[in-house]
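Knowing the structure of chain X, use the given hints to seat chain U on it.
Protein sequence lines, in the order shown, are assigned to chains X and U. If you count the first sequence from 1, position 8 lands on 5 in the numbering used here, and the numbers rise without skipping. To convert a position in the second sequence, counted from 1, into the numbering used here, add 7.
Note that these hints are calculated values from the structure, not bench results. Incorrect hints may have been included.
Here are the computed lysine to any residue pairs in the SDA-like style, where the Cα-Cα straight-line distance is at most 20 Å [to be verified]:
{"no.": "1", "chain 1": "U", "residue 1": "Lys166", "chain 2": "X", "residue 2": "Gln246"}
{"no.": "2", "chain 1": "U", "residue 1": "Lys166", "chain 2": "X", "residue 2": "Phe58"}
{"no.": "3", "chain 1": "X", "residue 1": "Lys56", "chain 2": "X", "residue 2": "Pro46"}
{"no.": "4", "chain 1": "U", "residue 1": "Lys166", "chain 2": "X", "residue 2": "Ser251"}
{"no.": "5", "chain 1": "U", "residue 1": "Lys166", "chain 2": "X", "residue 2": "Tyr248"}
{"no.": "6", "chain 1": "U", "residue 1": "Lys166", "chain 2": "X", "residue 2": "Pro46"}
Take a look, some chain X residues computed to stay more than 10 Å from chain U by CB distance [what the hints assert, rightly or not]:
{"no.": "7", "residue": "Phe47"}
{"no.": "8", "residue": "Thr50"}
{"no.": "9", "residue": "Asp53"}
{"no.": "10", "residue": "Ile67"}
{"no.": "11", "residue": "Tyr223"}
{"no.": "12", "residue": "Ala245"}
{"no.": "13", "residue": "Thr264"}
To give a feel for the contact side, a few chain X residues facing chain U, derived at Cβ under 8 Å [said to hold, decoys possible]:
{"no.": "14", "residue": "Leu25"}
{"no.": "15", "residue": "Val29"}
{"no.": "16", "residue": "Cys130"}
{"no.": "17", "residue": "Phe135"}
{"no.": "18", "residue": "Leu138"}
{"no.": "19", "residue": "Leu242"}
{"no.": "20", "residue": "Ile247"}
{"no.": "21", "residue": "Pro253"}
Ideal placement from N, C-alpha and C gives every residue a C-beta, glycine not left out.
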Amino acid sequence: MTAATLTSAQLAPGQAAWRRFRRHRLALAGAVIIVVLVLGSAFGPYLLPFDDTYIDIMKRFAPPLSGAHILGTDELGRDVLARLMMGGRVSLTIGIVAMVIAMAVGIVVGAFAGFYGGVVGAVLMRLVDAVLCFPTIFLLLALAALTEPGLVTTTVLIAATAWMWVARVVEAQVRSLREREFAVAALAFGSSNLRIMFRELVPNAIAPIVVAATLNVAKAILLESYLSYLGYGVQPPAASLGNMLNNAQIYLTSAPWLAIAPGLAITLAVTSFNFLGDGLRDALDPRMNIP
Amino acid sequence: MARYVVNRLAQAIMLLVIVSAIGFAILHLAPGGPLSQFAASAQMTQEDLDRVTKQLGLDRPLPIQYLDWFGRMVRGDWGKSYRDGEAVLSVVSSHLGATLELMATATIIAVLLGCWIGILGALRRYSLFDTLATVGAMIALSIPTFWFGLVTIYVFSVKLGWLPAGNRQTVGDGSFLDLLHHLIAPAMVLALVETAMWGRFMRSSMLEVINQDYIRTARAKGMPEWRILTVHALRNALLPMITVAGLQFPTLLGGALVAETVFTWPGMGRLFLDSIGYRDYPVVMGILMFSATMVLIGSLLADILYAVVDPRIRVG
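Isolated chain X (complex conformation):
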């Protein structure tokens, strides 16, 4: 045994987790980039002299670094950087809100299935299995075809196709935790089932839940970009990182920067959340080893 493991064994669990997390440099970089992206999209638009929807037909297709437009302008002469920041705002918001909804649904379904087991558990988990049979993009597009596109619809639909993995994680955790002494003690104490589920069991499964939540944001941002790129997500004139790419294919030859900037932004955001989730998994529970 090396000196490092000896000292980390003497640390409080929180400190040890922080140590493992810090060692994960990519996760740390991911966290920093996420903070920068959030701050940039929250406050960036106020620092720019251009409005993201201001159309300037005289300055169409200005390439990056030409004059005042740092990332150039699009087919209507709108500033690409301003649109990127507003689009980032929309995409990050959708990603995080969709994650919250998916987590809420997944945790409730998983907790009930894991706690009650038996018929209730079997029915709920078979429902999870069945929804997972539908390839996400197909299900998402079919649902989008039936509803009016918009910010709220996009968010809800993404959540509707993402809660199943959370339910699986929570169900497995709750099922194993409910036999433990503290859960049995709570039952002997006369706590209600709901109280045991959500005040005792779920909080004790917080590590995998936090990891799932982080990875879920990455997935939600990616799904938003797919949906909006295909024209069924966020609708113009509002910008999202996905719908900025919707028109980019037409102008690929003449104005490639229209495709490059939003695509890099999506990749950067999704990669950051994925690395953060990976690092958190290593830090919070080293035994969890899902690739």
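The following block gives chain U in isolation, referenced to the frame of chain X:
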């Protein structure tokens, strides 16, 4: 073994029933339900609509309608396309070949490349190659497939002019070389995510195996390293990959849809998207149910195959 297969088959059939119930629910959630196409027409009076409702059997109780719909689904009667009145099953199957061609090519690339990267990464754990592969795989999983497609078109079609920017063949050509030429870019794009997934799973499977006791025993016996790797490690590490093949199938189908859209590839995914644009609900539902059923059968086959090659599964 027979008991395991029967058990697993029963599970799959039960899942199929739930899957079809979800599909049926989605169909009836449509604004106006299955009637919407007729309701949109200004020439239809309420009287006409009532008659159509009766003709299509939409006035019956929902469970009866579901059983009827499910029965027809199983028998291959998937309804008719709103667009041209053609049977949905024949519309879908005429687009299936192009999709399968794309998926099969991408899978072959991904399995070969992914397994090679994964094995090498596991054997040289924490080396520069392993680090680059791990980081690269994570980035590959984070890149939007359609954007990677756009970049590929920009670099290889617009700038270099090496590859066509879309379609399955040149009009009037269609020779093997021409088909292959068109296949390269979309297959590469689709293979990116797949390669990353196979690489990650292969790496962790290989790592698990090479730390087992029997590997140490083989080494202690003085067995040559290449023999340990090929005979003992690789054979055991490849087994769980059968499950991966089943697991990543939904992602493969979804990725194919996106790649087909970017490269105007005349496959099932593109048909799905076109049908959504036309509000052609029978085709949309047909493809949705078809893809879910394919996923279901894929995971069933993977499980059975895994039980065949690994007796621990069917006994335990």
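Hints, verified against the model:
For the hint pairing Lys166/U with Gln246/X, the CA-to-CA distance comes to about 14 Å; that is within 20 Å, so the pair holds. Distance hint between Lys166/U and Phe58/X is fulfilled; the C-alpha atoms sit about 19 Å from each other, no more than 20 Å. Between Lys56/X and Pro46/X the CA atoms are separated by roughly 15 Å; this keeps the pair inside 20 Å, and the hint holds. Using a Cα cut-off of 20 Å, the hinted pair Lys166/U and Ser251/X holds, with the two alpha carbons roughly 11 Å apart.
Between the alpha carbons of Lys166/U and Tyr248/X the distance comes to roughly 14 Å, so the proposed pair stays at or under 20 Å and holds. As the CA atoms of Lys166/U and Pro46/X are separated by approximately 34 Å, the hinted pair breaks the 20 Å bound. The Cβ of Phe47/X lies farther than 10 Å from every Cβ of chain U, with a closest approach of about 24 Å, so its non-interface assignment holds. Look at Thr50/X: its CB is around 23 Å from the nearest CB on chain U, clear of 10 Å, so calling it non-interface holds up.
The beta carbon of Asp53/X is kept farther than 10 Å from every beta carbon of chain U, the shortest such distance being approximately 25 Å. Distance check on Ile67/X: its Cβ is at least 21 Å (rounded) from any Cβ of chain U, clearing the 10 Å threshold; non-interface status holds. Not every Cβ of chain U is farther than 10 Å from the Cβ of Tyr223/X; the closest lies at roughly 7 Å, contradicting the non-interface assignment. Residue placement check: Ala245/X does not keep its beta carbon more than 10 Å from all beta carbons of chain U (closest about 7 Å).
Here Thr264/X does not stay apart from chain U, with its beta-carbon only about 5 Å from theirs, under the 10 Å limit. Restraint check, Leu25/X versus chain U: the minimum CB separation of about 14 Å is more than 8 Å; hint violated. Below 8 Å, beta-carbon pairs count as interface contacts, and Val29/X has none with chain U, the closest being about 16 Å; its hint is therefore violated. The interface hint given for Cys130/X is met, as the beta carbon of that residue sits about 4 Å from the closest beta carbon of chain U, less than 8 Å.
Hint status for Phe135/X relative to chain U: holds, with the closest Cβ pair at about 5 Å, below 8 Å. Because the closest C-beta pair between Leu138/X and chain U is about 6 Å apart, less than 8 Å, the hint holds. Against a cut-off of 8 Å between C-beta atoms, the interface hint on Leu242/X holds, since the closest Cβ of chain U lies about 6 Å away. A hinted interface residue such as Ile247/X counts as satisfied when its beta carbon comes closer than 8 Å to some beta carbon of chain U; here the least separation is about 11 Å, so the hint is violated.
Residue-level restraint check for Pro253/X holds (minimum Cβ-Cβ distance to chain U is 5 Å; threshold 8 Å).
When the structure is compared with the earlier hints, violations turn up for hints 6, 11, 12, 13, 14, 15 and 20 and for no others.
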